[in-house]
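Chemist: Now for the letters of each chain:
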Amino acid sequence: MLKLKAIDINYGDIQALWEISLRVEEGELVAIVGSNGAGKSTILKTISGLIRPRNGSVEFEGKRIDGLAPDRIVRAGISMVPEGRELFPRMSVRENLEMGATYIGRARAQAARSLEHVHELFPVLAQRAGQLAGTLSGGEQQMVAIGRALMAKPRILIMDEPSLGLAPLMVEEVFRAARTVNREGVTVILVEQNVRQSLKFAHRGYVLENGRIVMEGTGKELSENRHVKEAYLGL
Amino acid sequence: MRKDAPAKMTLLQVDRLTKHFGGLAAVHDVSFHVGEREIVSLIGPNGAGKTTIFNLVSGVYRPNSGDIRLGGESIAGLRPFDICRKGVGRTFQIMQPFPKMTVLENVVTGALFGRKPKVSMKTAEGEAVELCRLVGLGDKLKAFPKNLTVPDQKRIEIARALAVRPKLLLLDEVMSGLTPTETDEAIRLVLKLRETGATILLIEHVMKVVMGISDRVVVLHHGEKISEGPPFLVVDDPKVIEAYLGKMVDGEDEPAC
Amino acid sequence: MGSSIRWKTTLPLAILCAFLLLFPKLVGSYFLHLAVSGILAMILASSWDILARTGQVSVGQAGLFGIGAYSSALLYQRYALPPVLGMLAGALIATFVSIFLGYLTLRLRGIYFSITTIAFAEALTVIWLMTPDITGGAMGVSTPPLFGGDREKAYYLILAILAAVVAVVWLIEQSRLNFAFTAIRENEDVANVLGINPTKYKVLAFMISAFFTGFAGGFYSHYNTYIIPYEVFNLGVSIACLVMPIFGGLYTIAGPILGTVLIKAIEEYLRVTFSYGHQIAYGLILVLVVLFMPEGLLGLWRGKILPLFRSRPGR
Amino acid sequence: MDWPSFFQSIANGVLIAGLYASVTLGLTLVLGVMGIVNFAHGELVMLGAYSTFWLFTMLGIDPLLSIAITAPLLFLVGIFVYRFTIRPILKDPPLNQLLLTLGLSIFLQNLAMILWKTDSRSVITSYSGMSLHLGMVHVGATRLITFAISVALTAVLIVFLHKMRLGKAMRAVSENNTGSWLVGINVQKTYMLAFGVACALAGVSGSLVSTIMYTYPMVGFKLSLKAFCILILGGLGNISGALLGSLVLGLTESFVGTYVPEGSGWAEGISFFLIIVVLIIKPTGLAGTRRE
Amino acid sequence: MRGKGFGFVLVLLVAGYALAGFLPGAAMAADETIKIGAVLPLSKATFSQAGEEQRRGLLMALAEINQGGGVLRKKVELLIEDDTGEPSVGIGAAEKLLTRDKVAALIGGYSSTITFAQMNAIQRLEPVVAWTGASSTKVEHEFGPKRWFFHYHPWDYHRQSTIRNFLMGISPRPKNIAIAYEDGIYGTTSRDYVVKYLKETGFNIVFDERFKSGSSDFTPMLTKIKKANPDVFYWVAYAGDTTLIMKQAKEIDFNPKLFLSVAINFPQYKESLGDTGNNVAGVDVWIPALKNPETVNWLKKFNHAYPGRTPEYWAPLAYTNMMTVVDAIKRAGSTDKDKLISALEKTSYDSPFGKITFKKSEEGGIHQAIDEQIITQWQKGSAQIVWPPKKATSKLIYPTPDWKNR
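Protein sequence lines correspond, in order, to chains A, B, C, D and E.
In terms of my numbering, the first sequence has 143 at position 143, counting the first letter as 1, and numbering is strictly consecutive.
Each number in my numbering comes from the position in the second sequence (counting from 1) with 235 added on.
Each number in my numbering comes from the position in the third sequence (counting from 1) with 492 added on.
Each number in my numbering comes from the position in the fourth sequence (counting from 1) with 807 added on.
Each number in my numbering comes from the position in the fifth sequence (counting from 1) with 1099 added on.
If we strip away everything but chain A, and leave its shape as in the complex, we get:
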């Protein structure tokens, strides 16, 4: 469904990604793990169009999407829950969610139903509907970010470190949501530092080190791999 072929990314003169190739099949939940600065977020930003690759291509359902502006990619069906959430702090929760559907033609028609669905997924957002997004707690903001992405009716949902800085209970909630969404048929790509949890949920995973993919396998294989443990705990 989604294919990255030999992607190279440069920041100025510095190369951040080296020949990244990966694929995501329909209905999968794929995790990308790796240490800080390994280049995980960069991959996601490349997929969503926020960064343009220097070499290589991104194909979505057989069509090249690298080089498109991010808004076009969202319309094509790839939504992203960015690191740091990137909400609209002075808009209400409801407005933030609605914004997710406003600019996507096919999602706009179903906005009301999508909103209900998001409220089912995160009941707390229904209670907070009128509150300004900037005043929410971190966990609630993360829910809004996920909800906003879902409002666009994506085929692929990309989540960049959704558990970052959240309290344990919230982390669980976020993962549960990712799982639910995936079961409902949305393909999910997940980048996490919370290695154990994400690999446990993932169908497949990739391990990234210093801008290169060093390992690929099912979630179970990876979570039991010795090298992974070493990389993250220095054991």
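Hints listed in this document are in silico derivations from the structure and should not be mistaken for laboratory results.
A quick note: this is a predicted structure, and the numbers were derived from the prediction, not measured.
There could be a bad hint or two in this list.
[To be verified] Over the 12 Å line for every Cβ pair with chain D, so calculated as not near, a few chain A residues:
| hint | residue |
| --- | --- |
| 1 | 1 |
| 2 | 21 |
| 3 | 61 |
| 4 | 86 |
| 5 | 102 |
| 6 | 117 |
| 7 | 185 |
[Said to hold, decoys possible] Calculated from the model, a selection of chain C residues having no Cβ within reach of chain B, i.e. all distances over 10 Å:
| hint | residue |
| --- | --- |
| 8 | 517 |
| 9 | 654 |
| 10 | 728 |
[As the list claims (entries may be wrong)] With beta-carbon atoms standing in for the labels, derived distance ranges:
| hint | chain 1 | residue 1 | chain 2 | residue 2 | range |
| --- | --- | --- | --- | --- | --- |
| 11 | C | 659 | B | 431 | 56 to 66 Å |
| 12 | E | 1400 | C | 765 | 20 to 30 Å |
| 13 | A | 180 | B | 307 | 55 to 65 Å |
| 14 | D | 1088 | C | 692 | 21 to 31 Å |
| 15 | C | 692 | B | 335 | 49 to 59 Å |
All C-beta atoms, glycine included, are put in the ideal place defined by N, C-alpha and C.
Starting from the known structure of chain A, arrange chains B, C, D and E on it as the hints suggest.
Modeler: Just chains B, C, D and E, lined up with the frame of chain A:
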């Protein structure tokens, strides 16, 4: 490893430090100390408050409560340039060399202003050249930062921080984004610095580094200190494992949906 | 910051100095007058540039210029203070005002600093017009011609001031101040952590800039013999102060001077050929420089033109 | 207490605030959405005023009706200006933006001087000079219309920003650039349209300027200096703050003009004093936060 | 961080000044013509309208002179320089004309500040200066007594004494006067004299304040004046301010017995104000409605040269300026400085302003051409002269009817 080294004079003492942004506590009630010529690592997941502590120690932020003492003297709430002159040098997580200055000029800037008594231009330049050699930039004195690689830019940061002749050196993720060879070089550099008498507090994500060079490790999570001690003890602390790897869910059951 | 002076720099410099010193003997009073007003503008441009080195873009230099002009003229009128001493007094008073203004605007960064400086100059105009008993008001202040109208003396005086400005800029470039100014301009927070007290250096730059701007103002009032608030506090003065260095090349010795020479030439040409709205050139230059040559003429010279004459690669 | 002149002063202040608000609206929009203080905004107002004047003089189109032509015209001018001057410097440091827009301002001022000389031009319509007598207060018809239009514009702009898809996109862009891209907003296009809308607003205030004041090449610059003051009073980039700030400035000017000895001379300088005082007390402007 | 641009600067410095100096004037022919130099403000906002009008007058005179064969069997060449409204540019322009172009006489002029600076700078040359503009007495005090300085425009106090004499002649005589003036040099000087004159003659000043030219709103000031309830409201302002003041006076229903201003016969007055502008009186130097034969004759020539244009007084003033200078050259038989000055002193020329001779003026001037001004009033859309009685074309409407009753 110096786990059994005798207790040394305390250089930096952080006492019940708290910093709020808006309603959020970025750092909450954190205390720790760094002894002279010690290497202490500050670790923890993203957003744990490590860089905030650096900003508090170097005076970029003022603490809401708590105290910071350097060699027994309180420096909490002083302005950054005063703290610098009292002997705290630092690097930045996102490298910030002065873009319109050459490598040498970047380093000279630190030597010129960062200490008391002031040194002459000539002395400053001489020392800066030395420092550039020390960090491995000896042949790139006239280059501009934008034309350098990441490791070299980090070297500028380190040399510039060293140029203020710090008693305490704060290194913020100087190893991240380096290749293994570069990381090894960087580790050698930090150890060399310690030999010259520096005390180092570092923020690091590359565990290999943390384990390899730290005398002690302070672990932060959600702005609070959750563990402290020699590296090999800290990694076995269940709280640390949970913070890093996520909560262990009992058994292999799937979590309730 | 190489400090060795090579003959390549020294020789043209020596020719230039000789040329400037002999200039009054070579030309008539009309050219001498053009030279005097040109040099005056160079002083304003260079002293604006000194302030800009700390990252503060002033659009209110006219305020300091006017204070210098008025202090000097009023001191002459009330206490018969000799003009040259008056200029010095004007410079000192402008410096004093700049300390005050510098501390007040310290927390303002970027564009808000600029807007405040505009407001400062405009507010001064209003104050001046509304307090005629102290300031002479709209009627302005007049003084007898400088040195009894001896233009050569006036020329050498203004040339000496320019030399002083250039010397000060040169000294700044050779000293630790250059590092402090540049560091503050490029990243104030990092500079602060490296032990640089931004307040101190920003105010210092403001003071140096104000001193020479005020001196130029004092010279202007005695040279032109008559000043009114609408003229010396005019926004046009402030804009001229900044267009010239930006055109020539910021943060250099030669840039502001070069910019002034060219703009004055363009202006004089447009004045004779194109009488209405010749200041359109200022606007165009600003827009084009920002869009296409952010380092000004000197940048263009170093980056594009000089390499054409160098066969050897590198350097 | 001399009540008639007291109430007249209030009316005077409120009415002129209408003009100020109309000039400030576009400036606020550009600052809010793009984070740029557009020094050339006043010159766009001036172009609007000249366009109104010429439409009236040559084709006899009523100044208020000509808003329908002037606003779209200035919208196009705005798109043009954006495309060739603003877009290349969107990511530049704020000082480059200052210098560029200041350059544009000087350029347009002098262009107007070359094209139309410095004569002050004014239009007379059937209703100019007409005034309503409300109790003790006389209210000029054109000034009342101007005020009404400004309040209506503010209201329309607020509704536009909160209810319309494009308006919401502008708010979204102003709050979070990346977030906007990720919900499918073309940020570049939104910037362009926001700048265009701001210029159209400048066109409207230009029409108002030409009716209740008069038109000359410097008219926009003088008004834009006041608009900066209002911007700072009302919170930078805050639409309803712009209206509030205008009222504060208008009323202060009016009361100083009427009640302070030599007040007419001080009144025009009040905006400058306010800028200095407010920025020094609170560098982020009175009612709000500054965007970085 | 440092540049090596000295060589570059050197080249450009020399080239720049060479260019600036040699472009204009370098190609001038030698002694084939008689040169006259004029300095006018052509590119400063508030000044240029008068500057342009002067240029029209000068060019008209030039064409007439050269069509008539020039003077002393040579063509007259007129060199016009723009002072851009800046004193230092004005000094440069005057110096250039005198020292490089070697003109026989310096004419034109407008702003008092620039004139003051120019005269100070060039007085060592003792040129022949026949100056139209600069009405500030500061100029008269300093340069009026000079042998080489001839002045055409009435001084400030001429305008204000005209006002006084006019007001004294109205019956019933008004008592309370409100005065508002723009805060520049123009408004301020006018105000100082008028206040002095009116107080001397027993008028009661009920309001006396300055305002900033270009203000966006005059209603606060007018509200205050309305409260003071004057018989006559007199203001000194530029065209734009006057337009706004009248519109807003009507809006707030301010009804003095007379609106009186200065120089209200600018070209856009009628189209800017329409009916609102009726009944406003103003002091002026000259208007086209004057009925003397010279004016009628001159207007014909002006309409021929600039069809469809209504001249302001600067045009005939500059025309007179040029004609009298050429006339003096003709009578002197040479451009020799002393002969020319003596000839100018004996000038007697029939101009649109009446007979021009150079007389002493009150504050030290020895060569003053025009001292008496006229009072005009807009009546039913056209400007009429209402004072002095011997030039009057219509009777003053006083008191002015209320806005409601018009």
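Chemist: State for each hint whether it applies.
Modeler: Here is what the structure says about each hint:
With a minimum CB-CB distance of about 20 Å to chain D, residue 1/A clears the 12 Å threshold, and the non-interface call stands. Every CB of chain D is more than 12 Å from the CB of residue 21/A (nearest about 24 Å), matching its label as outside the interface. Non-interface call for residue 61/A relative to chain D: holds, since the shortest CB-CB distance, roughly 18 Å, exceeds 12 Å. Not every C-beta of chain D lies more than 12 Å from that of residue 86/A, the closest at about 4 Å, which undercuts listing it as non-interface.
For residue 102/A, the non-interface assignment is contradicted: its Cβ lies about 6 Å from the closest Cβ of chain D, within the 12 Å cut-off. Look at residue 117/A: its CB is around 17 Å from the nearest CB on chain D, clear of 12 Å, so calling it non-interface holds up. Residue 185/A, annotated as away from the interface, keeps every beta carbon of chain D farther than 12 Å; the closest lies near 21 Å. Even its closest Cβ contact with chain B, about 40 Å, leaves residue 517/C beyond 10 Å, as expected for a residue assigned away from the interface.
Every beta carbon of chain B lies more than 10 Å from that of residue 654/C, the smallest distance being close to 26 Å; the non-interface claim holds. With a least beta-carbon separation of about 31 Å from chain B, residue 728/C lies farther than 10 Å from that chain, consistent with its non-interface assignment. The supplied range of 56 to 66 Å is broken by residue 659/C and residue 431/B, whose beta-carbon atoms lie about 41 Å from each other. For the pair residue 1400/E and residue 765/C, the beta carbons lie near 29 Å from each other, so the given range of 20 to 30 Å is met.
The hinted range of 55 to 65 Å is satisfied by residue 180/A and residue 307/B, whose Cβ atoms lie roughly 56 Å apart. The given range of 21 to 31 Å is respected by residue 1088/D and residue 692/C, whose C-beta atoms sit roughly 23 Å from each other. For residue 692/C paired with residue 335/B, a C-beta distance near 21 Å fails the hint of 49 to 59 Å.
Comparing the model with each earlier hint shows violations of hints 4, 5, 11 and 15; every other hint is respected.
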